[in-house]
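Residue numbers (the numbering used here), protein chains in the order written: chain L, 17 to 251; chain A, 9 to 120.
Be aware that one or more of the hints could be misleading.
[Said to hold, decoys possible] With a straight-line cut-off of 30 angstroms between C-alpha atoms, the simulated BS3-like cross-links for lysine-lysine are:
| no. | chain 1 | residue 1 | chain 2 | residue 2 |
| --- | --- | --- | --- | --- |
| 1 | L | K115 | A | K37 |
| 2 | L | K247 | A | K37 |
| 3 | L | K136 | A | K37 |
| 4 | A | K37 | L | K113 |
| 5 | A | K37 | L | K185 |
[As the list claims (entries may be wrong)] Listing some non-contacts, in silico: residues in chain A with all C-beta distances to chain L over 10 angstroms:
| no. | residue |
| --- | --- |
| 6 | M10 |
| 7 | E47 |
| 8 | V61 |
| 9 | H73 |
| 10 | V80 |
| 11 | S106 |
| 12 | E120 |
Everything labelled a hint here was simulated from the structure, so no lab data went into it. Where a beta carbon is used, it is the ideal one built from N, C-alpha and C, also for glycine.
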Amino acid sequence: MVITRYFRQGMLSSLPTAVSFFFVFSSLGALYHEKGAELLDTALGTALIFAAPLQISGIDAFSNGQLIAALALTILINFRFLFMSMVAVQYFVGVSKAKVLTSMLMFSASTYAVTHSHFKASGLSNGKDQFDYYLGVAIPSYLIAIVATIFGFLLSSRIDYASMDMFIKMILPLHFTILTAKNTGPGFTVLATIIGGVCAPMLAEFQSPWLLIGAPITVGFLLALRENRAKRQGV
Amino acid sequence: MMMTIFVVVSIVSYFLKALPFVTNRLVFKPSGFIAKAVEYAVCFIMGTIIINVTLGNITYSTMIHDLEIRYVIAVSAIMIAFFITRSTGAILTSLFISMTLFITTMGIILHE
Chain L
17 MVITRYFRQG MLSSLPTAVS FFFVFSSLGA LYHEKGAELL DTALGTALIF
67 AAPLQISGID AFSNGQLIAA LALTILINFR FLFMSMVAVQ YFVGVSKAKV
117 LTSMLMFSAS TYAVTHSHFK ASGLSNGKDQ FDYYLGVAIP SYLIAIVATI
167 FGFLLSSRID YASMDMFIKM ILPLHFTILT AKNTGPGFTV LATIIGGVCA
217 PMLAEFQSPW LLIGAPITVG FLLALRENRA KRQGV
Chain A
9 MMMTIFVVVS IVSYFLKALP FVTNRLVFKP SGFIAKAVEY AVCFIMGTII
59 INVTLGNITY STMIHDLEIR YVIAVSAIMI AFFITRSTGA ILTSLFISMT
109 LFITTMGIIL HE
């Protein structure tokens, strides 16, 4: 594989994600160690699933062998990936389907957010360059997640993750906020993000799977409708 | 058993990620209505992730009964990060400043 300019740009952009992933996945490794999981299972879990929220929320279901509960959690928590890849599908034109499908193993909310935000801000439109950039973001993030999981598992008794938790967990939301701010253009992207933030405690209150999936669809639909009307009226 | 569950879960998870790249039924014109609606839905989800991680999946009833200063500091850090990025356009600078402010303020609060 040739390391292009776009791949290097992607690597640089992945830096905050990589730092965040290092802490998040190492604490995840420590958590699995506490639950009595095997190192190989834990590392392969990250390599195959690569979604920290699901891996953390589903730890009891995974370690107790509750397959149905694990599947329900997967659909509920990872349903967002379907929406994200529905946006990402407009990119990578001209890249072989096999390469794109293989790379989707490294697709996560963070790799999506960094990539999408960059394409919107920079106007990068060549499919192959876009794919190089995406790989530049995704490959280091993915590898660091696996290494950090192993690191956290092996050093779980020596590092006190609980005392750092409050600081570590702020990296991810700050990074996502920054990407949202960078991605503001015409339309309601910031407004949609704010509405999501305001609704989050409400969704946490009700814990309804229908609301978790239905709320973003409804808000997305209403905002797109509003934008269409504004365009028609020439506002 | 854990490995079997990981494999099954990862297949479902991968299916959700890859589906739009496999079928043309989920491909929409980028400037069209459905593509816009999906993009806004994703922004909504990003907003929920930002607040859920920042405030630890807090609910409004918990917030009303037990409003802590650390929630205010965390939300302030988010707002600072947003406005610094809007004015400077620099991702790493903004991340560094907002994170430093958050750690310093939380450090002072916890020390007292």
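Results of checking the hints against the structure:
This hinted pair checks out: L/K115 and A/K37 have alpha carbons roughly 23 angstroms apart, not beyond 30 angstroms. A C-alpha spacing of about 17 angstroms is found between L/K247 and A/K37, which places the hinted pair at or below 30 angstroms, so the restraint holds. Using a Cα cut-off of 30 angstroms, the hinted pair L/K136 and A/K37 holds, with the two alpha carbons roughly 16 angstroms apart. Taking the CA atoms of A/K37 and L/K113, the gap is about 19 angstroms. The hint holds against a cut of 30 angstroms.
Only pairs whose Cα atoms come within 30 angstroms are accepted, and A/K37 paired with L/K185 is rejected, the gap being roughly 36 angstroms. With a minimum CB-CB distance of about 5 angstroms to chain L, A/M10 fails to clear the 10 angstroms threshold, and the non-interface call is violated. With a least CB separation of 5 angstroms from chain L, A/E47 falls inside the 10 angstroms interface cut-off, contrary to its annotation. A cut-off of 10 angstroms between C-beta atoms contradicts the statement that A/V61 is not in contact with chain L; the least separation is 5 angstroms.
Under the 10 angstroms C-beta cut-off, the non-interface status given to A/H73 relative to chain L holds; the minimum distance is some 12 angstroms. The non-interface label for A/V80 is consistent with chain L: the shortest C-beta to C-beta separation is roughly 14 angstroms, beyond 10 angstroms. Against chain L, the non-interface label of A/S106 is violated: not every CB pair exceeds 10 angstroms, the least being about 5 angstroms. For A/E120, the condition that its CB be more than 10 angstroms from all CB atoms of chain L holds, with the nearest at approximately 16 angstroms.
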